[in-house]
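When you get a sec, could you build the whole thing from the sequences and use the hints?
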Amino acid sequence: MKLDAHFTDADGFYEALLDAHKDLSAAQSAALNARLILLLANQIGDAQILRECITAAQNTH
Amino acid sequence: MNAPADISAPKAEFTFGGSGYTLPTYPFVTPPELKGETPARYPIVIVGGGLAGLTLACDLGLRGVPVVLLDEDDTVGVRGASSRGICYAQKSLEIFKRLGIYERIAAKGIQWSVGRTLAGNDEVYNFDLRKNAAQSDSEQPPFINIQQFYIEWFLVERALQLPSVDLRWKSRVTRCTQDSDAVHLSVETPAGSYTIACDWLVDATGVHSAIRKGFNLNVNPAKGDDRWCISDVRFKHHPPIERWTWVEAPFNEDRAVWQHLMADDVWRLDFQMDPACDMEYVSREDVVRERLQRQFGPDVEFEIVWVGPYSYRSQCLDNFRHGRVLFAGDCAHVMSPFGARGGNSAIQDADNLGWKLALVAQGKMPARLLNSYDEERREGARQNIEFTRRTSRYLSPENAAEKLFRDATIALARKYPFARALVNTGRMSSANVYPASGLHLGQGAGKHVQNVALTIDRKISDLVALQATRAHKTLVLAFGSCAAQAAAYTQALHGAPTDVIAIGTDAIDHQSKLAAQFGLSADGVAVLRPDLYCAGTAQAVDAATLIQKLKAWFA
Chain Y
1 MKLDAHFTDA DGFYEALLDA HKDLSAAQSA ALNARLILLL ANQIGDAQIL RECITAAQNT
61 H
Chain G
62 MNAPADISAP KAEFTFGGSG YTLPTYPFVT PPELKGETPA RYPIVIVGGG LAGLTLACDL
122 GLRGVPVVLL DEDDTVGVRG ASSRGICYAQ KSLEIFKRLG IYERIAAKGI QWSVGRTLAG
182 NDEVYNFDLR KNAAQSDSEQ PPFINIQQFY IEWFLVERAL QLPSVDLRWK SRVTRCTQDS
242 DAVHLSVETP AGSYTIACDW LVDATGVHSA IRKGFNLNVN PAKGDDRWCI SDVRFKHHPP
302 IERWTWVEAP FNEDRAVWQH LMADDVWRLD FQMDPACDME YVSREDVVRE RLQRQFGPDV
362 EFEIVWVGPY SYRSQCLDNF RHGRVLFAGD CAHVMSPFGA RGGNSAIQDA DNLGWKLALV
422 AQGKMPARLL NSYDEERREG ARQNIEFTRR TSRYLSPENA AEKLFRDATI ALARKYPFAR
482 ALVNTGRMSS ANVYPASGLH LGQGAGKHVQ NVALTIDRKI SDLVALQATR AHKTLVLAFG
542 SCAAQAAAYT QALHGAPTDV IAIGTDAIDH QSKLAAQFGL SADGVAVLRP DLYCAGTAQA
602 VDAATLIQKL KAWFA
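Chain order of the listed sequences is Y and G. Everything in the first sequence is counted per my numbering, starting at 1 for the first residue and increasing by one. Everything in the second sequence is counted per my numbering, starting at 62 for the first residue and increasing by one.
In case anyone wonders, no lab produced these hints; they're calculated from the structure. Just so you know, these numbers come straight off a predicted model, no measurement behind them. By construction, the Cβ of each residue, glycine as well, lies at the ideal position given by its N, Cα and C atoms. All the given hints hold, so there is nothing to weed out.
The list that follows gives simulated cross-link-like pairs (lysine-lysine, DSSO-like), each with its CA atoms no further than 30 angstroms apart:
| # | chain 1 | residue 1 | chain 2 | residue 2 |
| --- | --- | --- | --- | --- |
| 1 | G | Lys425 | G | Lys610 |
| 2 | G | Lys231 | G | Lys274 |
| 3 | G | Lys508 | G | Lys574 |
| 4 | Y | Lys22 | G | Lys464 |
| 5 | Y | Lys22 | G | Lys476 |
| 6 | G | Lys612 | G | Lys574 |
A few chain Y residues facing chain G, derived, Cβ under 10 angstroms:
| # | residue |
| --- | --- |
| 7 | Ala30 |
| 8 | Ala31 |
| 9 | Leu32 |
| 10 | Asn33 |
| 11 | Ala34 |
| 12 | Leu36 |
| 13 | Ile37 |
| 14 | Leu38 |
Have a look at this one:
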């Protein structure tokens with residue numbers, strides 16, 4: 001799992017993410033996030049890295 | 062020991078407008094114990110003539126090992142019922158090829174190839190298995206759909222041809238005890254009761270096993286609140302010859318529905334129910350009829366063959382061996398029907414146990430070999446329970462987050478192929494792998510080997526047929542440069558119950574698939590277990606070491 005920044009354009013990604021949620025209800029935002037997580041997870045693919053990402057997310061709230 | 066079987070006279074007939082199937086019945090024959098003869102001591106007794114018990118009886122019969130099978134009924138299947146299991150996977154079909162009933166199953170059963178997954182009023186995606194046919198190296202298809210009682214019936218007729226198998230109908234075990242020397246059974250029959258003793262007892266009496274309960278063994282039960290109702294029906298005008306699964310069916314309150322097919326134009330409709338439903342009510346004929354009319358329209362004409370409600374449950378014994386008693390099939394493990402893992406795992410249990418029990422009964426291996434049956438098949442059960450639990454969780458989201466992610470998989474799967482891997486309407490039973498198997502002689506141990514095509518004596522044949530020419534023994538397969546060493550290996554293994562096969566001479570791998578099954582390139586040696594599992598491989602340079610390990614294993 002990568003923990004240092006790996007983005008080609010971190011600010012650009014963040015803005016695109018916010019734009020995608022603009023004007024959405026909480027339910028629509030949740031649904032968008034669910035679809036996005038599944039699309040991104042498939043880009044990673046590797047089971048071990050995905051498990052580490054889930055654990056890291058659980059441990060940073 | 063047995064009357065000759067007449068395999069040409071099928072008695073089970075389905076008649077439209079009748080009351081379902083008429084199943085074949087088998088006569089009770091007074092056993093020697095009730096004719097005043099001295100009670101015999103038997104090497105192996107199986108209790109229960111279902112998929113596990115009958116598969117094991119045929120396997121032992123094929124190896125010439127004497128076996129008594131006690132069944133409390135005198136027929137196959139469930140009396141008056143159509144079917145329980147309907148789908149038999151490739152590994153089971155390979156086992157049935159060895160037992161000699163595969164051709165009958167293929168002739169009677171149905172092979173479908175198009176499957177559709179639906180949600181709401183339209184399709185999420187579809188697949189055609191014929192396009193994946195090249196991915197399989199086996200001579201058997203991925204699966205065949207057929208009613209369970211046909212399999213049991215073919216197995217009974219096969220067992221009747223095998224002289225070392227003693228089938229005893231209407232024979233109910235009322236008491237079972239064991240000491241260090243033997244298992245003792247009390248058997249009740251129409252002609253009176255008797256007792257017998259045996260070296261090994263195989264309990265294959267199903268989920269409610271009284272034998273297992275008598276030994277007070279822990280089965281670790283887990284129950285879910287998911288409720289289903291199976292309806293097996295025969296239509297006057299049938300739907301397309303395809304498998305359809307609705308994750309959310311509008312005609313079933315947005316719950317799941319399965320639509321499968323089997324032999325004799327009988328279809329299985331499996332409806333997910335409200336967890337709070339009254340199971341007796343939803344199984345009532347008029348309620349089943351109304352449900353089918355909601356799905357197929359008010360004018361649909363059909364006959365109900367069988368209705369079977371069930372709820373998700375799983376359980377698994379702590380140990381599949383208890384002294385001289387071995388547990389196989391549903392009495393050892395239970396899981397939900399998703400992926401047809403119940404019946405297929407019972408068949409795999411019998412396949413795993415047969416050759417080991419034969420070697421122990423013949424005094425060729427010590428009894429501890431039977432511990433590997435527990436290790437391997439309990440691992441198989443663990444895998445099967447995990448698969449079915451995951452399917453159940455997909456089909457019955459436990460909270461809002463689980464439903465959110467399921468909606469996401471369906472939305473994505475409509476457009477993008479990757480998400481179809483996440484839509485879980487059941488994962489089809491496959492040969493379990495045994496990564497931590499104690500029967501580990503080298504690389505690749507515990508991996509299943511498919512029944513690949515081979516040329517033997519200039520005829521197109523297969524791996525199972527090769528085993529048959531060598532009495533279904535463990536085989537040493539010598540590839541490439543190792544094939545020239547076959548005589549030396551045979552000499553080194555003198556006295557061990559195994560044969561060496563020189564690939565290229567004794568059998569020709571004309572499609573170059575066999576070595577790849579073991580993860581070998583052109584050269585090397587592989588040990589093939591009688592149940593078509595790898596016990597270990599070696600490159601040419603380490604071949605002699607593997608042969609020595611095999612020799613030591615048999616010593």
